Amino acid sequence: MAITPPSERIWWKEPIAKIELIWIIIAFVWGLIMFFMMIYWHGAGEQNLSSEAYQITPVQFSQKAEAMIAEYTVREENGFPVVRPPPGSDVYLIARLWQWRPILELEKDQSYRLHLSSMDWQHGFSLQPVNINVQVHPGYDLVMTIRPDQAGEYGVICNEFCGIGHHNMVGKIYVVDQGGE
Amino acid sequence: MANTAEFRTCPTTGFRVCLNAEKLIKANAVVAVVFLAVGGLFGLLVALTRWPAVHFLPEDWFYLALTAHGLDVLLVWIIFFEMAVLYFASAVLLNSRLAAPKWAWSGFALMLVGALITNVAVLRGQSSVMFTSYVPMMAEPPFYLGIILFAVGALIGCFVFFGTLVIAKQEKTYEGSVPLVTFGAITAAIIAVFTIASGAIILIPTLLWSLGFVSHIDPLVYKTIWWGMGHSSQQINVSAHVAVWYAIAAMVFGAKPLSEKVSRMAFLMYILFLQLASAHHMLVEPGFSSEWKIFNTSYAMYLAVLGSMVHGMTVPGSIEAAQRARGLTKGMFEWLRKAPWSNPAFAGMFMSLVFFGFIGGISGVVMGTEQINLIMHNTLYVPGHFHGTVVAGTTLAFMAITYLLVPLIFRRELMFRKLAQWQPYVFGIGVAGISMFMMGAGTLGVSRRHWDMTFASAQLPFDYPSAAFLMMGLNGIFAVMAALGGVMYVVVVVGSVFFGRKLATDEKPSYPEVPPQAAAVGHYGSSETLKIPGTAMLVGIFFIAFVLYYFVNWKYLSEVWPMS
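As given, the protein sequences belong to chains A and B, one line each in that order.
For the record, in the first sequence the residue sitting at position 102 is 102 according to this note's numbering, with numbers rising by one throughout.
For the record, in the second sequence the residue sitting at position 226 is 226 according to this note's numbering, with numbers rising by one throughout.
Don't read these hints as lab results, they were simulated from the structure.
Fair warning: this is a prediction, and the values are worked out from it, not measured in the lab.
Each hint should be verified, as a subset may be incorrect.
[Said to hold, decoys possible] BS3-like cross-link-like pairs, simulated, lysine-lysine; straight-line CA separation at most 30 Å:
hint, chain 1, residue 1, chain 2, residue 2
1, B, K338, B, K508
2, B, K172, A, K13
3, B, K26, B, K169
4, B, K26, B, K508
5, B, K23, B, K508
6, B, K261, B, K172
7, A, K64, A, K108
8, B, K172, B, K23
9, A, K108, B, K555
10, B, K26, B, K102
11, B, K26, B, K502
12, A, K18, B, K531
13, B, K531, B, K338
14, A, K18, B, K338
15, B, K261, A, K13
16, A, K13, B, K169
17, A, K18, B, K261
18, B, K102, B, K23
19, A, K13, B, K531
20, B, K418, B, K23
21, A, K18, B, K330
My request is simple: use the sequences and hints to build the entire structure.
Next up, the structure:
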């Protein structure tokens, strides 16, 4: 029994039942498949998070973001600037208690280098309803190249607990057809 | 130290039970159940708040209750119960005296004091930082201090366990190798030492930081090391509850492991590879290389998952073999149909096994896939997954073995048998519901740790799909059911322990009823003739579910915005 010492003293020389051996082999091969699937996706898949990141102070990040906001703001909405940076450019999204700043307006099927960083505590970038979720840290600038492939209005929810106003931290990203408004 | 320990002989099992160990098992188990009750109540409050139609607590109380829920059940209930399991698997199963009982009691006291300090800190309202307490969000110093004291106490318990193993070996209280269940407990204790070391490395500087002696804790470093504790401590749970599965299979069926070698190798895989799991929490953090993520998140090519899949076959397989040896050989599933489903120890154990594999296990591997994590990180999918592992798996298994420990260790007859009989089903199905509906809501994007999914007071509006609201309502209903199951458990256990009829010294408990065990179970015969077709079928169904669900999620991933 499992609560008494093994009945065969030399238990490590007992033969393994065939059915156990088969299962071990299946499970091991399945593990290899899952392992190589991740590597395969780096080549064949289109959804891979970049490992590009830089250390940055909140002040430095905020300056870059505000420069972008000053240059490319097209209108205001609920007190937030709506910014339409050119395709291919560096786009900054500030996470802070309890806002995502600014609202971004991106063109469909264009790539942008999206920079994420926090001014204070950790936040979670949760793009909805697409459901892309990335952690945002203070002191680190995470850079990911994104290519929105569907026009529409998207919510940016904070999904890392960041204090009492956490549930009010909602931002927005517009994706518009190329050249359109 | 002189051998002054006193013993009694168990009339059911024949074990020589060290009374020091018995007292410690009782104390740890009782405190564990108290914290389960408290933490479970907080959990119910959380679920009622996330039920959109009820939305029970105000926001500050919600975040407070969520912090307390995580601490009290994930940490305090489980570790206290694991201390009881460690003392049981060493002193009792090896017929040995317990090493250094005074140290064991001081460890117990430290854990209790630490748990109380942290609870008070949380209830004061200034430490609603969640169980994870990610920096730079800061709690009051006692919050960290309490956890550190708790961890030191648990570490002392681990060393008492190791000391007991040494004593048992020296005093030759058993023959040959340690039993498989003890081997599983050793696995748990080794992982626990690693876990507590990680906790100390990060929480001591964090305490100093909250006291003002350290100016800065890097949030990425914190998270990487904190999860060396946070995730590895879940591997203590896995090792411990797998050991409990084997123990229940042995105690209820007289089951013998199909192969000692295979089961022990599977535990060894846990020791070697489970510690890499910190990476599961770092898959969408800035700056980690893909090589690091892939190697670590897969526990080096899924070798620890391999361990769990092996246990997933050998545990039901040993039960099937024992049942077949008793003559339940008709068809594929007579052994399972005629299993003692009204015995709460078996019912809880078997549901724990099934839910841990199908719900907690599969979702964990899928979510821990480097790229797929992008569509799940920090959504409700995450708590959905770990309620499948830690609650439907660990907690249910611990509840199940309590029904055996109350008569055997507490020497009390179980009260409220009807309640006990239904308890695993009410709790198990409730928790399975919680897990699946939270995963469903997470797939629809709903954030975890979030007070208001309608965003009523946010500056910018956003609406989750209506299906997500339905999921959260169902989650609430099943949470009420699970809470009911929790209350049933506490009533049965507390009632029996304090008011149950005392068993006479040489009286064998009559409940839970154990089916007559065939003498043949001591030996399964040659490995060539071992037949477990029912288990092979169950494992096959599991494997198909695993593969389908895994690739469905790659399909989901392929539909989101391209990124690189």
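To see whether the hints hold, each was checked on the structure:
1. The straight-line distance between the Cα atoms of K338 of chain B and K508 of chain B is roughly 24 Å, inside the 30 Å bound, and the hint therefore holds.
2. For the suggested pair K172 of chain B and K13 of chain A, the alpha carbons sit about 23 Å apart, so the restraint of at most 30 Å is met.
3. Between the alpha carbons of K26 of chain B and K169 of chain B the distance comes to roughly 25 Å, so the proposed pair stays at or under 30 Å and holds.
4. The suggested pairing of K26 of chain B with K508 of chain B holds, with an alpha-carbon distance near 19 Å, which does not exceed 30 Å.
5. Proposed proximity of K23 of chain B and K508 of chain B is supported: the alpha carbons are some 20 Å apart, at most 30 Å.
6. A distance of roughly 22 Å separates the Cα atoms of K261 of chain B and K172 of chain B; the hinted pair therefore holds under the 30 Å criterion.
7. Restraint check for K64 of chain A and K108 of chain A: satisfied, since their Cα atoms lie roughly 24 Å apart, inside the 30 Å limit.
8. Simply put, K172 of chain B and K23 of chain B have alpha-carbon atoms about 23 Å apart, close enough for the 30 Å limit, and the pair holds.
9. Taking the CA atoms of K108 of chain A and K555 of chain B, the gap is about 22 Å. The hint holds against a cut of 30 Å.
10. With a C-alpha separation of about 15 Å, the suggested pair K26 of chain B and K102 of chain B falls inside the 30 Å cut-off, and the hint holds.
11. With a CA separation close to 15 Å, the supplied pair K26 of chain B and K502 of chain B stays within the 30 Å bound.
12. With a C-alpha separation of about 10 Å, the suggested pairing of K18 of chain A with K531 of chain B holds against the 30 Å cut-off.
13. Distance hint between K531 of chain B and K338 of chain B is fulfilled; the C-alpha atoms sit about 17 Å from each other, no more than 30 Å.
14. Between the alpha carbons of K18 of chain A and K338 of chain B the distance comes to roughly 26 Å, so the proposed pair stays at or under 30 Å and holds.
15. Between K261 of chain B and K13 of chain A the CA atoms are separated by roughly 8 Å; this keeps the pair inside 30 Å, and the hint holds.
16. For the proposed pair K13 of chain A and K169 of chain B, the alpha carbon gap of about 22 Å is at most 30 Å, so the pair holds.
17. Under the criterion of a C-alpha separation no larger than 30 Å, the hint pairing K18 of chain A with K261 of chain B is consistent with the structure, at around 14 Å.
18. Restraint check for K102 of chain B and K23 of chain B: satisfied, since their Cα atoms lie roughly 12 Å apart, inside the 30 Å limit.
19. Proposed proximity of K13 of chain A and K531 of chain B is supported: the alpha carbons are some 20 Å apart, at most 30 Å.
20. A threshold of 30 Å between alpha carbons decides the hint, and for K418 of chain B with K23 of chain B the separation of about 28 Å falls inside it, so the pair holds.
21. Of the supplied pair hints, the one linking K18 of chain A and K330 of chain B holds, its CA atoms being roughly 22 Å apart against a limit of 30 Å.
The structure meets every hint from the earlier list without exception.
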